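Below are the chains, spelled out letter by letter.
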Amino acid sequence: MTSTRTRFILSGLAVALTGSGLAFTTQPAPENTDGGSSSEFQFTIEMLDQLPSLPGELGALPASVDNPNNPTTPEKVELGNMLFFDTRLSRDHSMSCATCHDPNKGWADGRPLAQGFGGKVLGRHSPTVLNAAFNSAQFWDGRAPDLEAQAIGPIMATGEMNSASEAEVIERLSASKDYRDRFQKVFGSAPTLADVGKAIAAFERTVISTDSRFDAYCKGDKKALTDSEKRGLILFFGKASCTQCHSGPNFSDNKYHNLGGHGSTPTEDLGRYGISKDEKDRGAFKTATCRSVDLTGPYMHDGRLATLEEVVDYYNAGGGSDPKKSELMQPLNLTASEKTDLVAFLKSLTGSVPGIQVLTAVDDAPANEPE
Amino acid sequence: MSDSHTLRRSHGWLAAALVLVPLTAANAGNVTGTLTLPEGVKPGQTKDGKTDETATALVWIEGTEASPITPQVPSDTVTISQKGTQFTPRFSVAVVGQKVDMPNDDNTAHNVYSKSPTKSFNLGVYPKGESKDVSFEKTGRVDLLCSMHRQMSAIIYVVPNEHFAKVGEDGAFKIPDLKPGTYTLKAFHKDCGEFSQEITVPEQGDATATVALTAKK
Chain A
0 MTSTRTRFIL
10 SGLAVALTGS
20 GLAFTTQPAP
30 ENTDGGSSSE
40 FQFTIEMLDQ
50 LPSLPGELGA
60 LPASVDNPNN
70 PTTPEKVELG
80 NMLFFDTRLS
90 RDHSMSCATC
100 HDPNKGWADG
110 RPLAQGFGGK
120 VLGRHSPTVL
130 NAAFNSAQFW
140 DGRAPDLEAQ
150 AIGPIMATGE
160 MNSASEAEVI
170 ERLSASKDYR
180 DRFQKVFGSA
190 PTLADVGKAI
200 AAFERTVIST
210 DSRFDAYCKG
220 DKKALTDSEK
230 RGLILFFGKA
240 SCTQCHSGPN
250 FSDNKYHNLG
260 GHGSTPTEDL
270 GRYGISKDEK
280 DRGAFKTATC
290 RSVDLTGPYM
300 HDGRLATLEE
310 VVDYYNAGGG
320 SDPKKSELMQ
330 PLNLTASEKT
340 DLVAFLKSLT
350 GSVPGIQVLT
360 AVDDAPANEP
370 E
Chain B
0 MSDSHTLRRS
10 HGWLAAALVL
20 VPLTAANAGN
30 VTGTLTLPEG
40 VKPGQTKDGK
50 TDETATALVW
60 IEGTEASPIT
70 PQVPSDTVTI
80 SQKGTQFTPR
90 FSVAVVGQKV
100 DMPNDDNTAH
110 NVYSKSPTKS
120 FNLGVYPKGE
130 SKDVSFEKTG
140 RVDLLCSMHR
150 QMSAIIYVVP
160 NEHFAKVGED
170 GAFKIPDLKP
180 GTYTLKAFHK
190 DCGEFSQEIT
200 VPEQGDATAT
210 VALTAKK
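Protein chains in written order, with numbering that gives the first Met the number 0: chain A, 0 to 370; chain B, 0 to 216.
Hints in this document: simulated from the structure, not taken from any laboratory.
Hints may be right or wrong, so weigh each one.
[Claimed, not checked] Using 25 Å as the maximum straight-line C-alpha spacing, the simulated PhoX-like pairs for lysine-lysine come out as follows:
#1 A/218 to B/49
#2 B/49 to A/324
#3 A/254 to B/127
[Said to hold, decoys possible] Quick look at which bits of chain B chain A covers, simulated, 3 or more residues with Cβ under 8 Å:
#4 97–107
#5 124–134
#6 148–161
[Unchecked claim] Covered stretches of chain A, going by a simulated chain B footprint (3 or more residues, C-beta under 8 Å):
#7 40–48
#8 68–79
#9 146–159
#10 235–242
Predicted model only: the values in this text are computed from it and were never measured.
Idealized CB from N, CA, C, for every residue including glycine.
Isolated chain B (complex conformation) (with noise of 0.2 Å):
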């Protein structure tokens, strides 16, 4: 840790990013972990235990005062594609900041909306083989509708940095390479209540979690 504050003062950020790899590997640890959700639904199962992709679950790590993080946003662009006039896919994850690109790769009319309190947007009708992108200046749920299609429906979880993870069918889950430090561990579920559990890395070693969701109030 020491180390890698040392070498990033003396040689700047391009010799850090060379480095940083090796050297926070070393020092990293994950969060690993169970997810349960209630009445023996399993994680990408809705409330009525139907499998839905929008119903994936999804854990995250939240910085504190004690154990900030500095967000990374990824250089690459979530794609959410309008084909077979369904999203695809139809649960997605971006960090704020990041690109969400949303092709139309139908040869139909689409025009994509949403009226979330995250974001509301409408991104209009474009053809074919064009594409409009998005990005998020806050997190939390963004339901994607489509005004002419009913059916089409996704939801784009935004999150406040690159640490996150898809919750396995099996409720395992892995969040890796966190600093060592207090964080604040965060999941989602679309039709179960927040959920917020301190989590702290130890030095050596990983963390491990058991979140238990409840529904939704």
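The following block holds chain A by itself, in its conformation from the complex (with noise of 0.2 Å):
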């Protein structure tokens, strides 16, 4: 640590050194530099420990999640389990909301993008469902306001599940008296598209992971996390200033930023700005959870990381050359030690993934025909 210091002062000096053919003298003043005095004020991992709250206002997820306008019951979220793993819900019988959320790959589906309706590759990467119950708004241009809402966009959507109408899919779902029980009892009517997504979303708020160790931590276990792990979290709310986005329990602010860098997909992506239109939001995208990161690999809206690793040398750089990037995007000095620190405490982030039995409406009448 204090040679790293000592070797970033030196080269600083180089360039002033270089940089000066004035009349000023070369010497910087001696109490503008650092002089690697701040390690006296170095935050510790017992400071760490002794912080009655962390920065950022990190802390640990409530164990259940609910929507005052969608009262959570067992037969709703059973209901939405049938739905999630349903194909009917695609035009062609191909596609479930698990094809592209699979809980045996974190909930979304491995891809740095997703691949839509017939195979055809998407312009962004597959969310995970884990903990999304937890955002204010969804999607990566935050255009759902809430999981009801977010569930019925890709079971429409062309390029999705490409579902023909919204009558075709009620009149596939009707044709299961078991669905029509089961509607009629949660929701006391027949199926309808509004109803699917509630109960989609209900289902949704069960797919939680909140027993992390730092989950443990937060909750007074100082033993959960490592030394290393204490030493990333301080980074996370310090020098790396994670938590200027990457905030709160669920560590999004839900807000959208711009990191600098989406060139690589075809088409360049406005992100955020195509659902507001506001200047500020071309290229911005919402902040993702930080949690269960470990599982939901490939990183970033367009996937284009492929590890942890990669992630923070991302971050580390600045970010991407944007010119409207986020002004919080800073090249940010970490150290080699300093990074594996930060990669372990991301991993500590990850819970068990709930267990969830697939359920399936009984099909008492035959299904439709693919188109």
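Hints in hand, dock the two standalone chains.
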């Protein structure tokens, strides 16, 4: 640490020397250099363990989450479970929600870019469903205010599950007595597309993971994190400034930021700008959660970074080169061991993945033929 | 001048405060002038010609034995925010005894400290929305740093009284409302040596000065 600090200062001095051919002295003002003196103000693991609360509003997640407009009931969750895994919701019965949000792939798809209808590669990476219930907006551009609205989107999107029409979806579901009975019991009516969204959302609110070692640490078990992970946590809210965006118990400010790099997709993705038409949102995407991030690679809105090490390197360099990038993106000057600690901390954010038993509606009528 | 002194004695401080402004305004002079830096560098630029807020140039007046100045510590607070992992502003002026507030407006931890001879202090870590304050007992340069973010730096220059002015990019400055008398004019730029010069504010009119700063020895 000390030697690295010294190296950095020396290289800074070299720049100062070469850059000054003027009448000014080449010696930097002694009081204006760090001189390694900040080491005595180093924020230590002992200090971390004594904090009453963590900076960046980091903390444990609540054990459950609900939407007052769509209260969770066991029956609704069961219905949502059936719908989530049901290929009836895609035009040719080839896809369900789980095609891109696979429980065995961190509730995402493990691909850089999502594969939509007919195997067509889409423009963005499939976000995980895991803990999505804690987001205040859904999709990379935040165009859905809640899970209820989000769930319907891909079912109807031409590029995704490509259902022919709302009537077609309802007709397929209504062909099953099991579905008719369940919708009647849960919503008091025949199936509607809005209720499909509500049931899937209720199910997704059970797809949460709140028992990571970080959560245990926040709840008072100071031995739940290793020293390396604790050093990573200090970097996370300090030197690396991750909490400028990845803040709060779900590690997201639920805002949109341009990190400076979106050039690898075939067309320039405007991100949040497409929704807000606000110039500052051009190329900006929603802050993704860091929870369970070990399970949900590859990373970023276009999946262009394969590993957490690459992600840390990307931020360490100050992000991409887009001149419109957020001013929060600055080089971090992390050392190799600091990067290791930061990745170790990120991996402590993975808890148990909820064991979901896939339910299937009894199909008592012949399924509609694929078109 | 003598009128105001009579008033002050007969009616006390409150009355003086109420009427002093128009009276002294009539009898006060400004110190105006221009400041130059070596090698064509402008105020607001470092010695390398790079625009940098910490390279702001400052001029101020100090009292002398003949013309002492009783400092008025401004009641308003100097605020230096930690925002976007930088200090805002990066150059501030504080009068000795004036409160300097340092709110953390970032959602990240900062640890503001200074090891400057003027004052050495360490504010520790505090969260967004909280603030700590510092005041200074003596004059001089204070370099602010954050132990977590090495890109963060700011300068506070502590002056003895409220008679100071930041110098414009064109080198022009104006220190207003000084009573007639002979004072010391001083100047600061982070890359330059100390500057000190006698300046006389006449009974009528302004004083002008040319301040030529030289490179730090």
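Tested hints:
Restraint check for residue 218 of chain A and residue 49 of chain B: the C-alpha separation of about 49 Å exceeds 25 Å, so the hint is violated. For the proposed pair residue 49 of chain B and residue 324 of chain A, the alpha carbon gap of about 23 Å is at most 25 Å, so the pair holds. With a CA separation close to 17 Å, the supplied pair residue 254 of chain A and residue 127 of chain B stays within the 25 Å bound. Under a criterion of three residues with beta carbons nearer than 8 Å to beta carbons of chain A, the stated coverage of the segment 97–107 of chain B is upheld, 3 such residues being counted.
Given a C-beta distance limit of less than 8 Å, the hint that chain A covers the segment 124–134 of chain B holds, as 3 residues qualify and 3 suffice. Counting residues of the segment 148–161 of chain B whose beta carbon lies closer than 8 Å to any beta carbon of chain A gives 4, which reaches the threshold of three, so the coverage claim holds. Given as covered by chain B, the segment 40–48 of chain A passes the check, having 4 residues with a CB less than 8 Å from a CB of that chain where 3 are the minimum. Counting residues of the segment 68–79 of chain A whose C-beta lies closer than 8 Å to any C-beta of chain B gives 0; at least three are required, and the coverage claim is violated.
As drawn, the segment 146–159 of chain A meets chain B at 0 residues by the rule of a beta-carbon pair under 8 Å; below three, the given contact is violated. Requiring three or more residues with a Cβ within less than 8 Å of a Cβ of chain B, the coverage given for the segment 235–242 of chain A holds, as 6 such residues are present.
Comparing the model with each numbered hint stated earlier shows that hints 1, 8, 9 do not hold.
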